[in-house]
Amino acid sequence: METIKCKSNFSITLFNKFFILFAIKEKDLEDTKENKGVKDEK
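Residue numbering for the sequence shown follows the UniProt record's numbering, starting at 1 and increasing by one per position.
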């Protein structure tokens, strides 16, 4: 039981790390899009 619990916890932390990384990447993409839009206007 303990090993299964550890494995599930590990996969959850891994998933959280990937989710956070993905969220940051998405935010960066949006920021660059906005910046490009501002540059195009000028």
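If you are wondering where the hints come from, they were derived from the structure by calculation, not from laboratory data.
Check the hints yourself; a few may be wrong.
[Said to hold, decoys possible] Derived CB-CB ranges, DEER-like: (1) ASP31 with LYS7: 43 to 49 angstroms; (2) LYS33 with ILE4: 31 to 37 angstroms; (3) LYS7 with ASN35: 30 to 36 angstroms; (4) THR13 with GLU34: 42 to 48 angstroms.
[Said to hold, decoys possible] The calculated lysine-lysine pairs, modelled on DSS-like cross-linking and capped at a C-alpha distance of 30 angstroms, are: (5) LYS17 with LYS33; (6) LYS25 with LYS36; (7) LYS5 with LYS33; (8) LYS5 with LYS17; (9) LYS7 with LYS33; (10) LYS17 with LYS27; (11) LYS17 with LYS7.
Nothing here was measured: the structure is a model prediction, and the numbers come from that model.
Where is the CB? At the ideal position from N, CA and C, for every residue including glycine.
Evaluation of the provided hints:
1. In this structure, ASP31 and LYS7 break the distance hint of 43 to 49 angstroms, their C-beta atoms being roughly 36 angstroms apart.
2. Look at LYS33 against ILE4: about 43 angstroms separates their beta carbons, and that is not inside 31 to 37 angstroms.
3. A hinted range of 30 to 36 angstroms is violated for the C-beta pair LYS7 and ASN35, which are about 42 angstroms apart.
4. Distance hint for THR13 and GLU34: a CB-CB separation of about 32 angstroms, inconsistent with the stated range 42 to 48 angstroms.
5. Restraint check for LYS17 and LYS33: the C-alpha separation of about 24 angstroms stays at or below 30 angstroms, so the hint holds.
6. About 16 angstroms separates the Cα atoms of LYS25 and LYS36, which keeps this hinted pair within 30 angstroms; it holds.
7. Restraint check for LYS5 and LYS33: the C-alpha separation of about 42 angstroms exceeds 30 angstroms, so the hint is violated.
8. For the suggested pair LYS5 and LYS17, the alpha carbons sit about 18 angstroms apart, so the restraint of at most 30 angstroms is met.
9. About 39 angstroms separates the Cα atoms of LYS7 and LYS33, which puts this hinted pair outside 30 angstroms; it is violated.
10. Distance check on the hinted pair: LYS17 and LYS27 sit about 15 angstroms apart at the alpha-carbon level, within 30 angstroms; holds.
11. Restraint check for LYS17 and LYS7: the C-alpha separation of about 15 angstroms stays at or below 30 angstroms, so the hint holds.
In summary, the structure is inconsistent with hints 1, 2, 3, 4, 7 and 9 from the numbered list given earlier, while agreeing with the others.
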